[in-house]
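Going line by line, the protein sequences match chains A and B. Take 1 as the starting number for the first sequence in this note's numbering and just add one per residue. Take 1 as the starting number for the second sequence in this note's numbering and just add one per residue.
Read the hints as simulated data drawn from the structure, not as lab findings. Watch out, some of these pointers could steer you wrong.
Derived DSSO-like pairs: lysine-lysine, alpha-carbon spacing no greater than 30 angstroms straight-line [unchecked claim]: (1) A:143 with B:657; (2) A:4 with B:22; (3) B:9 with A:114; (4) B:99 with B:268; (5) B:424 with A:143; (6) A:143 with B:667; (7) B:268 with B:237; (8) B:9 with A:143; (9) A:146 with B:657; (10) A:2 with B:22; (11) B:342 with B:301; (12) B:667 with B:424; (13) B:396 with B:657.
Here are a few chain A residues that sit away from chain B, every Cβ distance over 10 angstroms (derived from the structure) [unchecked claim]: (14) 6; (15) 13; (16) 15; (17) 68; (18) 80; (19) 117; (20) 149.
Note that CB positions come from ideal geometry on N, CA and C, so glycine has one too.
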Amino acid sequence: MKVKMKVNGTMYERDVEPRMLLVHFLRDELGLTGTKIGCDTSQCGACTIHMNGRALKSCTCLAVQADGADITTIEGMAQNGDLHPMQESFWENHGLQCGYCTPGMIMTTTAFLKDHPNPTEAEIRHSLEGNMCRCTGYHNIVKAVKAVAAANAGGD
Amino acid sequence: MAVVGTPVKRTEDPRLITGEAKYLEDIHLPGMVHAAILRSPHAHARITSINTAKAAAQPGVLAVFTGQDFADLPALPCAWQAGGVTNHVNTPRVLEIDKVTFTGAGIAVVIAENRYIAEDAIQLIEVDYEVLPAVVDAEKATQPGAPQLHENAPDNIVMEWECGSADGTAQALQAADVVVRQRLVNQRLIPTSMEPRGTIAQFLPATGEFTVWVTSQAPHVMRLLMTAFVFGIPETKMRVISPQIGGGFGAKIFLYPEYCLIAALSKKIGRPVKWMESRSENYVATTHGRDHITEIEVGAKQDGTITALKVHTYANLGGVLSTIAPGIPTTLYGRMLSGAYKIPHIYCHVSGVYTNTGMVDAYRGAGRPEATYVVERAVDLVAHKLGMDPVAVRRKNFVQPNDFPYDPVGILNGLKYDSGDYDKTLDRALEMVGYDRLRQEQAQARQQGRYLGIGLSSYIEICGVAPSAWIGLKGEGWGAGLWESANVRVHLTGKVVVTTGSQSHGQGHETSVAQVVADELGMPMSDVIVQHSDTLGTPFGYGTYGSRSTAVGTVAVHRSLQRIKDKAKLIGAHMLEAAPEDVVYEDGKVHVKGSPDQAKTIQEIAGAAALAYDLPAGVEPFLDDTSYYDPPNCTYPFGTHICVVEIDPETGQIDIKRYIAVDDVGKVINPMIVDGQVHGGIAQGVGQALWESAVYDDNGQLVSGSLLDYALPRADLLPSFELDRTETPSPVNPMGVKGAGETGTIAATPAVVNAVVDALSPLGVTHIDMPLTPRKIWQIIDAHSNGGD
Chain A
1 MKVKMKVNGT MYERDVEPRM LLVHFLRDEL GLTGTKIGCD TSQCGACTIH MNGRALKSCT
61 CLAVQADGAD ITTIEGMAQN GDLHPMQESF WENHGLQCGY CTPGMIMTTT AFLKDHPNPT
121 EAEIRHSLEG NMCRCTGYHN IVKAVKAVAA ANAGGD
Chain B
1 MAVVGTPVKR TEDPRLITGE AKYLEDIHLP GMVHAAILRS PHAHARITSI NTAKAAAQPG
61 VLAVFTGQDF ADLPALPCAW QAGGVTNHVN TPRVLEIDKV TFTGAGIAVV IAENRYIAED
121 AIQLIEVDYE VLPAVVDAEK ATQPGAPQLH ENAPDNIVME WECGSADGTA QALQAADVVV
181 RQRLVNQRLI PTSMEPRGTI AQFLPATGEF TVWVTSQAPH VMRLLMTAFV FGIPETKMRV
241 ISPQIGGGFG AKIFLYPEYC LIAALSKKIG RPVKWMESRS ENYVATTHGR DHITEIEVGA
301 KQDGTITALK VHTYANLGGV LSTIAPGIPT TLYGRMLSGA YKIPHIYCHV SGVYTNTGMV
361 DAYRGAGRPE ATYVVERAVD LVAHKLGMDP VAVRRKNFVQ PNDFPYDPVG ILNGLKYDSG
421 DYDKTLDRAL EMVGYDRLRQ EQAQARQQGR YLGIGLSSYI EICGVAPSAW IGLKGEGWGA
481 GLWESANVRV HLTGKVVVTT GSQSHGQGHE TSVAQVVADE LGMPMSDVIV QHSDTLGTPF
541 GYGTYGSRST AVGTVAVHRS LQRIKDKAKL IGAHMLEAAP EDVVYEDGKV HVKGSPDQAK
601 TIQEIAGAAA LAYDLPAGVE PFLDDTSYYD PPNCTYPFGT HICVVEIDPE TGQIDIKRYI
661 AVDDVGKVIN PMIVDGQVHG GIAQGVGQAL WESAVYDDNG QLVSGSLLDY ALPRADLLPS
721 FELDRTETPS PVNPMGVKGA GETGTIAATP AVVNAVVDAL SPLGVTHIDM PLTPRKIWQI
781 IDAHSNGGD
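Please construct the entire structure, taking both the sequences and the accompanying hints into account.
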């Protein structure tokens, strides 16, 4: 089946099997391997991307379902060589170790902050329920998200 | 300005936060084909026939192979057998041929143009099994009448291993004022690195060379084991590369059947072959950890002095042995049973057992969490029995600062604890938590019917596992030495390339090693690059596990740096027309003693050394040095963790109100990285205490076979952690470092369990087996309130 979608600002058109998952489309068809696969039951969140501005686990969506969508992956987060503030904050706060869950974490938390600009720690932790990290104990991920929220709130 | 000891941001992060890093699954080679493996659905069965015709006929399928096609390859090696005793060894084959001993054992493989086709085709392979009775419990597997897994292992015993004095301990227990007996189940866990395992192999017929990409914590060991022990080819015919690795936690140390299978297939097929594990496969086919059933007897005097500890453990090692399986519950467990305490009599007997379950091997902490759980539960049981504060019992028995080097009554087989001040970390942790006030709060809470608990864990561990003469075949049974290596080159431009045999998969070696180089040579970190994980370009190393990459690997780097500086002084003195004994190396320069202005920078010297127009007589060109460092002892980090919990009696839910960790890992190179290691370790330790458990049913089916069923800790279940540390340098190595990768996991589990037991102690509870699920806790509270009314 033909699918057409905008990914990180570029339009792509491909002919794919109807059963192809969006995550495989992004990784195998477009070569955008920053999006990771960590499970086969949609628990881990490593494959989280933005579809039309909302966080989505790209393993829960067929490529054909994303026809016409506007997709952003981790590769599209830095703009003109400048890291996204969330990327900076993960780096600054040691919010990653092995890095495998990190693209999904960054995509989930950036989408979350859009809707919750001033979250409590409990709200941040709740928002990460669908993203698993085995390295950090989440401590510094939470810290990284808090730091971005604080900076967005006016840097005071 | 010194960078060692400061929280430098990691140099590896830019590629990780942008998605640029290439993990195994991200690598695509021209002409590459994909493998999918058919795995046994039965835990114990004979394979009576396999029909692959339908699968092989599928469009897009290149070939289907079964175990018979690899009958010429030997079973995989078991590189660490329990020292000093007979081991009845059975290891996996590339694909099993006629019998399987656990659910998930590989029996056939499909090669196809893409993974979708390969996965579809394995469903079409027809296998007839004669299903045999299964046993999954290590204790039951040793009982008369239990199903027998292997002909060479009567009663399913892998090995019977012991340490310490049986007679002395028995006598001391008889003479003790009190003796506490307890059965402790340390449940099976699934390591669950977020990246599963995988491998890609390419064979070039013209040269007869393999290139193997593999998700390994130990690429050099992979090459050694595959070439010398499986394929019988020279090591020089294989290059092994660990690309970016998404966590390991021990489970990526080992040589697995799939790695050999895919390499063999790349030769048979003549195209590069890729295999990437799914999470479901990961859960059945990658090693698990822990799984001990232990009986302890601990003796003490009325004043709280512990006089004896006797331990028997059934260690479940699975259906076949993984690469270093028998070494974990022996060397890294039994020998650590003195903990932070002077216990005059210790005896440990470990029965390693085959069961119809997945392989069990090192998982973060590897033996030490199990030992610490025994010791820290034992201390609390003694405190409870004597009506003493658990803090007082710990203090009463601590090894004291002037006792070092301390020999824990011979159970370390000749090694001694290096250094420590156990009261200091305990004091700091008590101060941070406000212990006395908290105990008062607890007393008030109890009057209100609230369940508030405080749990301590004053652990020690063994890191930097190495001394070859100790760990090797003649001592602890490891089939090699355990030194590490490094090469340091200062290029003509003054830029430094370090290559190391260690393997970084989240630990940040590229940063911490560069910090050491920057300080030693006196140059910016940006002038240093640290390369690892490719057998082609790095010296041999045993890999990264056992918190040994700093205490062994980075010390090798440090050694080379001293020799680089020595050579720089020779060349610098020559350039300054001074005698070598009249110059010093300081702040990146060689200068004449007392005249800092008469100096040559390391960059100038490196240039001179590389150009070599004018070198002192007898000095070779280039600043280049390789070290092989084999330390004289392991290192012994320690600390105290305190967990404060409150239990909701209505739901059994445990709320971790505070978690304090005060660790001493020796000298710290990057406190940010060390804190991160501790955070992650604590989460895994808490995970074991409260949620995680690999559950097999009686037929050997893994019930917790996916992330849907296995309760991995999530962000909303954990608190933020409160950390501090003391710094007691290790005298073992010139850097004073110990190791920090596993302390959190080792300390956290008993701290949490002790807290929950403390919370429920008014109900008469003295022990609960993990995981402490809300259901289990609610049932205890409910039984008490019903029974009490």
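Q. Failing hints, ascending?
A. none
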